[in-house]
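Residue numbers (UniProt numbering): 1 to 537.
Some clues are possibly wrong.
[Said to hold, decoys possible] Cβ pair distances, simulated, as ranges:
| id | residue 1 | residue 2 | range |
| --- | --- | --- | --- |
| 1 | L218 | E333 | 47 to 57 Å |
| 2 | D240 | E265 | 22 to 32 Å |
| 3 | G162 | G267 | 49 to 59 Å |
| 4 | G162 | M244 | 43 to 53 Å |
| 5 | A474 | D240 | 52 to 62 Å |
| 6 | K515 | Q194 | 50 to 60 Å |
| 7 | G242 | T371 | 27 to 37 Å |
| 8 | T371 | G162 | 36 to 46 Å |
| 9 | K503 | L442 | 37 to 47 Å |
| 10 | R132 | N191 | 14 to 24 Å |
| 11 | R388 | G428 | 22 to 32 Å |
| 12 | Q194 | K429 | 20 to 30 Å |
| 13 | K427 | E265 | 38 to 48 Å |
| 14 | E217 | I490 | 51 to 61 Å |
[Claimed, not checked] In the SDA-like style, the derived pairs of lysine to any residue whose C-alpha atoms are separated by at most 25 Å in a straight line are:
| id | residue 1 | residue 2 |
| --- | --- | --- |
| 15 | K515 | P470 |
| 16 | K319 | M288 |
| 17 | K515 | L423 |
| 18 | K359 | T349 |
| 19 | K427 | I220 |
| 20 | K296 | L423 |
| 21 | K149 | S276 |
| 22 | K429 | M288 |
| 23 | K383 | H372 |
| 24 | K296 | S276 |
| 25 | K196 | M163 |
| 26 | K429 | M163 |
Keep in mind the hints are simulated off the structure, nothing from the lab.
Idealized CB from N, CA, C, for every residue including glycine.
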Amino acid sequence: MNFAAQFIYANYAGDGSPSRVGFNDSENDPFWQSEEQRLGPTKQGCSTSSKSTCNKDAPICNGVAGWRPTLIHPERLKDFGIEEECLNGEVKTFETKVVGAPEIQLMDPPKTNKKRGSERKAVPPPKPEYLRFEDISAAAFKIQSVMQKTPCTYSRLSKQYGMEIFLKKEHLHYTGSVKERGVLYLLSSLNQEQQKKGVIVAKDCSFSMAVAHHAVELRIPVFVIMPASCAQPHLRIYRDYGAMVISYGSTARDSLNHARHLAKENGYLCLEEDDSAVYLAGLGTVGMEIYEQVPKLDAVIVPTGGQCSLLVSTAAAIKHLNSRITVIGVEPEGFPLLLQSLKTGRPVTSDLYSIPNRKLYGDLFEHSLGTHTFQLAKTFVDKVITVREEDSLVAMLRFQEFERSTVDTEGAMGLAAILAGQLPELKGKRVAVVVSSANMELDLIRQCVDRALVLDDRVSTFTVQLGDFPGDMAKLLDMLAREDIKLLNICHRRHSDKGDLFKAQVECVVETRDKTQSTQIRRILSERYPTLHWLDR
Numbered sequence: 001m002n003f004a005a006q007f008i009y010a011n012y013a014g015d016g017s018p019s020r021v022g023f024n025d026s027e028n029d030p031f032w033q034s035e036e037q038r039l040g041p042t043k044q045g046c047s048t049s050s051k052s053t054c055n056k057d058a059p060i061c062n063g064v065a066g067w068r069p070t071l072i073h074p075e076r077l078k079d080f081g082i083e084e085e086c087l088n089g090e091v092k093t094f095e096t097k098v099v100g101a102p103e104i105q106l107m108d109p110p111k112t113n114k115k116r117g118s119e120r121k122a123v124p125p126p127k128p129e130y131l132r133f134e135d136i137s138a139a140a141f142k143i144q145s146v147m148q149k150t151p152c153t154y155s156r157l158s159k160q161y162g163m164e165i166f167l168k169k170e171h172l173h174y175t176g177s178v179k180e181r182g183v184l185y186l187l188s189s190l191n192q193e194q195q196k197k198g199v200i201v202a203k204d205c206s207f208s209m210a211v212a213h214h215a216v217e218l219r220i221p222v223f224v225i226m227p228a229s230c231a232q233p234h235l236r237i238y239r240d241y242g243a244m245v246i247s248y249g250s251t252a253r254d255s256l257n258h259a260r261h262l263a264k265e266n267g268y269l270c271l272e273e274d275d276s277a278v279y280l281a282g283l284g285t286v287g288m289e290i291y292e293q294v295p296k297l298d299a300v301i302v303p304t305g306g307q308c309s310l311l312v313s314t315a316a317a318i319k320h321l322n323s324r325i326t327v328i329g330v331e332p333e334g335f336p337l338l339l340q341s342l343k344t345g346r347p348v349t350s351d352l353y354s355i356p357n358r359k360l361y362g363d364l365f366e367h368s369l370g371t372h373t374f375q376l377a378k379t380f381v382d383k384v385i386t387v388r389e390e391d392s393l394v395a396m397l398r399f400q401e402f403e404r405s406t407v408d409t410e411g412a413m414g415l416a417a418i419l420a421g422q423l424p425e426l427k428g429k430r431v432a433v434v435v436s437s438a439n440m441e442l443d444l445i446r447q448c449v450d451r452a453l454v455l456d457d458r459v460s461t462f463t464v465q466l467g468d469f470p471g472d473m474a475k476l477l478d479m480l481a482r483e484d485i486k487l488l489n490i491c492h493r494r495h496s497d498k499g500d501l502f503k504a505q506v507e508c509v510v511e512t513r514d515k516t517q518s519t520q521i522r523r524i525l526s527e528r529y530p531t532l533h534w535l536d537r
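Can you make the complete structure from the sequences, with help from the hints?
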């Protein structure tokens, strides 16, 4: 700013209109007025020479007596190249533009005295870290007023599996996903101009739901572009959050290309889940909370897939606080993206694998492994294992039975690794398991529970041949009732091509309390009916 701009102020007359000020007008210019003239006469007993002004009857505002109006009238701002910008119609901010600033001449660095007989070698500056703990700590401070601290509670499954299990319940967020942390910090870090224009998303996933919710909370315009094949319940969720939902195209690729086109034409910011440092810093706050909530922690198990953002950011925070804590990543057996990348020494693209079940794992594999997340995984992650789909489904069932919680396959993968017995080295230790999400449609949850009951030997199907005489069917049903077996379905076939003339084939679907009762009923029925045949799962 030039010398003239430093000494020009606006003074207010008694009628509220600004009066013109010059350099020689010492009576009206606030810069040349004394402190008593600008603030008014003080009460008796108060010294004007002190550093702080004393006025007992005036309201206190930020440690200064009374409210002091601005010295520059808003109409004069244009004279100095200062523009007024309104954000969302409420908050006014003033930005100063300096034109033609003088160049700063830098002095030569002082010469260092070299010791005789020795020369100092030039050391290259260290490469800046992509994700620092300071960034994660700053993210935790910025989102703490909005983002709730999720509980990390002791699990009732601890005694059953011989270790102290603590569940970090990130699925309790408003949108049911841990991605809210990264999204909130990402949106709050946008500049005012971008927040005013708005953001746009085009994928039906937990990331888009988090963007829709928090963008509306921050009063940022948000647009959701979805294909016509998107489920109607999901579209209703986006509308309930307050986003503008637009249906375009028949596939997800069509809606994504249209969203990118709209963002380019109208200045929107098209948000896609990636491995940006801001997004990772927000997710890393999970690791800080785990370390604070569970003392004397030995290991942390984190589900991973696709970008592996949650794993690497949590690992970065945990390793900074205590490098002796083991960080383990868990990913599906049919899509071992991170495990193969670590074996080959470079990020593996998702095109090399076919997703085994898109309904169960579609949210995990929207993106391939990024370069930054791969390097962070090599630095901070101690071990990566895979789990079967069957183990994840049984883990979902354990959550409903023992934790009274409904989670999806991604959220259950951490517990699935313990249930499958793949981590015997953690016996007797304190382990924290991150439950990342709980976004699954109701009909899909019902199918997963039914399948998990079969995999857990709780629901079984058998066939048996009975005599076509009155009372034979009643004897079978009476035996099941005495053993407290729940009959789910029964099918009676009197005519069969391969059956005897006076025999009827009966197929029963039964449910037991646990594996012990299932083993017991199998033994009793085998002794009573030689033609018993159990169907494979």
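Quick rundown of the hints versus the structure:
1. Judged by the Cβ atoms, the range 47 to 57 Å given for L218 and E333 is violated: they are separated by roughly 39 Å.
2. Between D240 and E265, the C-beta spacing of about 28 Å keeps the proposed range 22 to 32 Å intact.
3. At roughly 57 Å, the beta carbons of G162 and G267 sit within the given window of 49 to 59 Å.
4. Checked against the hint of 43 to 53 Å, the C-beta distance between G162 and M244 comes to roughly 52 Å, which is consistent with it.
5. Evaluation of the 52 to 62 Å hint for A474 and D240 yields a pass: the beta carbon distance comes to about 53 Å.
6. Checked against the hint of 50 to 60 Å, the pair K515 and Q194 passes, with Cβ atoms roughly 56 Å apart.
7. At roughly 35 Å, the beta carbons of G242 and T371 sit within the given window of 27 to 37 Å.
8. Judged by the Cβ atoms, the range 36 to 46 Å given for T371 and G162 holds: they are separated by roughly 39 Å.
9. Checked against the hint of 37 to 47 Å, the C-beta distance between K503 and L442 comes to roughly 42 Å, which is consistent with it.
10. In this structure the hint that R132 and N191 lie 14 to 24 Å apart at CB holds, the actual value being about 22 Å.
11. A hinted range of 22 to 32 Å holds for the C-beta pair R388 and G428, which are about 25 Å apart.
12. Distance hint check: the CB atoms of Q194 and K429 are about 46 Å apart, inconsistent with the given range 20 to 30 Å.
13. Between K427 and E265, the C-beta spacing of about 59 Å breaks the proposed range 38 to 48 Å.
14. Taking the beta carbon of each, E217 and I490 are about 53 Å apart, inside 51 to 61 Å as hinted.
15. With a C-alpha separation of about 33 Å, the suggested pair K515 and P470 falls outside the 25 Å cut-off, and the hint is violated.
16. At most 25 Å may separate the alpha-carbon atoms for a hinted pair to count; K319 and M288 meet this at roughly 10 Å.
17. Among the hinted pairs, K515 with L423 is consistent with the structure: their alpha-carbon atoms are about 23 Å apart, no more than 25 Å.
18. The hinted pair formed by K359 and T349 meets the criterion: a straight-line CA distance of about 20 Å does not exceed 25 Å.
19. A hinted pair counts as satisfied when its Cα atoms are at most 25 Å apart, and K427 with I220 does not qualify at roughly 48 Å.
20. For the hint pairing K296 with L423, the CA-to-CA distance comes to about 19 Å; that is within 25 Å, so the pair holds.
21. Straight-line distance between C-alpha atoms of K149 and S276 comes to about 23 Å, which keeps the hinted pair within the 25 Å bound.
22. Straight-line distance between C-alpha atoms of K429 and M288 comes to about 20 Å, which keeps the hinted pair within the 25 Å bound.
23. This hinted pair checks out: K383 and H372 have alpha carbons roughly 18 Å apart, not beyond 25 Å.
24. Distance check on the hinted pair: K296 and S276 sit about 31 Å apart at the alpha-carbon level, beyond 25 Å; violated.
25. Taking the CA atoms of K196 and M163, the gap is about 50 Å. The hint is violated against a cut of 25 Å.
26. For the suggested pair K429 and M163, the alpha carbons sit about 5 Å apart, so the restraint of at most 25 Å is met.
Checked against the numbered hints given earlier, the structure breaks hints 1, 12, 13, 15, 19, 24, 25 and satisfies all the rest.
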